[in-house]
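S.K.: Sequence:
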Amino acid sequence: MLDVKRLEPHLRRANRQPPAVPAASIPVTNCNDSGAGSLRDAISGAASGDTIDMTGLSCSTITLTTGMISIGQDDLTLQGPGMLALEVSGDDASRVFWHIGDGTLRINDMMVSHGYKYLADGALGNPAGGCVFSAGEVTMDHAWAKYCKAESSDVDTSVRGGAIYAKLGLGLNSSFITSSEAESTAFEALGGGAYSQGPVVLIDSIIESNSSSRTGGGIQTGSLRPGGVAGGDVLAKYSTFNNNQASLGGGIYTNADLSVLGSTVSGNVACGGSGIYVVQGGNVSGPAVLDNSTVSGNEAWCVNRPAGISLWNRNGDFRDSTIAFNTGQRNSNNKYGVGVRVAAATSTLVLNNTIISNNTVFDGSAHDVDDIGGNGTVSGANNLVFFPSSMIMPGGTILLTDPMLRPLANNGGLTRTHMPNFGSPVIDVGNNVSGATNDQRGSGYPRIRGAQADIGAIEFNLADSIFDDGFDP
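Counting from 1, position 189 in the sequence shown corresponds to residue 189 in this note's numbering; the numbering is continuous, with no gaps.
Bear in mind the hints are in silico, worked out from the structure with no lab data behind them. These figures come from a predicted structure and were not determined experimentally. Hints are supplied without guarantee of correctness; some may be wrong.
FRET-style restraints, in silico, Cβ to Cβ [to be verified]:
id: 1; residue 1: G423; residue 2: V4; range: 49 to 57 angstroms
id: 2; residue 1: G395; residue 2: A344; range: 39 to 47 angstroms
id: 3; residue 1: N30; residue 2: M1; range: 43 to 51 angstroms
id: 4; residue 1: D121; residue 2: L462; range: 25 to 33 angstroms
id: 5; residue 1: N432; residue 2: A344; range: 28 to 36 angstroms
id: 6; residue 1: G435; residue 2: M1; range: 38 to 46 angstroms
id: 7; residue 1: N421; residue 2: N173; range: 29 to 37 angstroms
We treat Cβ as the ideally placed atom computed from N, Cα and C, and that holds for glycine.
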């Protein structure tokens, strides 16, 4: 369930005063489904490159009663009056926007909601994008897609993107994709929140409470099969993936390059790879990067599967990060690596200034620690790994030692983090080989606060966590 109270500070910040629109913009003057002055009418009369201006509307909801709005222009900007001021709804009966141009559809300062797309077995169509379908790119700036659903019972057709399908790429800035679903009862469903074959970039955005019946509960790029259709690179900065669900890759699923920077992946649930699932792809140029980030509280419901991060025939580069409190199941004495799984013997993981601890498995009677496992090789320095189940850690790694982390909370910045407690062994014993200026929280939170960096995603300063409800001034 979407935690609206926790999102309130983010919603207030994202609900900005919209920017000025170009003089030649096409105004929308009413909230009717169709007819003169409606959004549908304004879009039908626009040329590629135009801006549809909804900033003057006094009404708050446009409900589509005659089906989705088709957008044939290559490039079009939909400018709303403020993220919380206007909602365009498919009324749980139709997709909201169908963009068949190969340029960019820009959705700014508005909500898109209650879109629905269904494909029956044997029928013709594309069950992609419950709220927004684009044959090109989609950008969302201070916008919110929510309560969208794409589903199918066809035995040959994939469902892609519960809320948004953006074939060539997706960009989010201070935006949200929540409470959306991709479901197939007969084939595969990819990307509960969003799916793209192109690059995905998220800045200061939240992907929360989405689900997919197969892979990528939050977002997905590329095929679900290793070596299949290559997806675009994924970059997430100062963003949150929380409480999403899938069979594999509850938060993120990709077979392309991945960079998670200053972000938190938490509370996601899957059979395996519950936080992040990274598989071998056709256009991978480097390791999966986790930098100044937190992966916490993700849960794997299948036995002997990783809950935090799964690297499937992929290399990793984790630095200045915290991977903790992820949980899984097991049916033997073998430990699989609930926190991190490096599956292939040929894979390498470079680990610097990172905590991997408090990740546990349950065998039906008792919990046991299972922090990192697999067959790859680990290098790096200045780490705390409580129990490296089946892997050899670099010399100097702090082992069998509790990092004394406080619960996941708002300790400042844009994402939730684990603050070390008084007396934590991670304080002032880390490195800064990454050259970071700030910790996960960003500007105003220096990477080195004491004699040297602390191990993990953030520097110890308990005063930062006093206002942990998100309402500090």
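S.K.: Look at each hint and say if it fits the structure.
M.R.: Evaluation of the provided hints:
1. G423 - V4: 49 to 57 angstroms: Because 36 angstroms falls outside the window, the suggested range is violated.
2. G395 - A344: 39 to 47 angstroms: 23 angstroms, violated
3. N30 - M1: 43 to 51 angstroms: 34 angstroms, violated
4. D121 - L462: 25 to 33 angstroms: Given a distance of about 58 angstroms, which is not inside 25 to 33 angstroms, the answer is violated.
5. N432 - A344: 28 to 36 angstroms: 30 angstroms, holds
6. G435 - M1: 38 to 46 angstroms: 40 angstroms, holds
7. N421 - N173: 29 to 37 angstroms: At roughly 35 angstroms between Cβ atoms, N173 and N421 fall inside 29 to 37 angstroms, so the hint holds.
The structure is inconsistent with the numbered hints 1, 2, 3, 4, although it conforms to all the rest.
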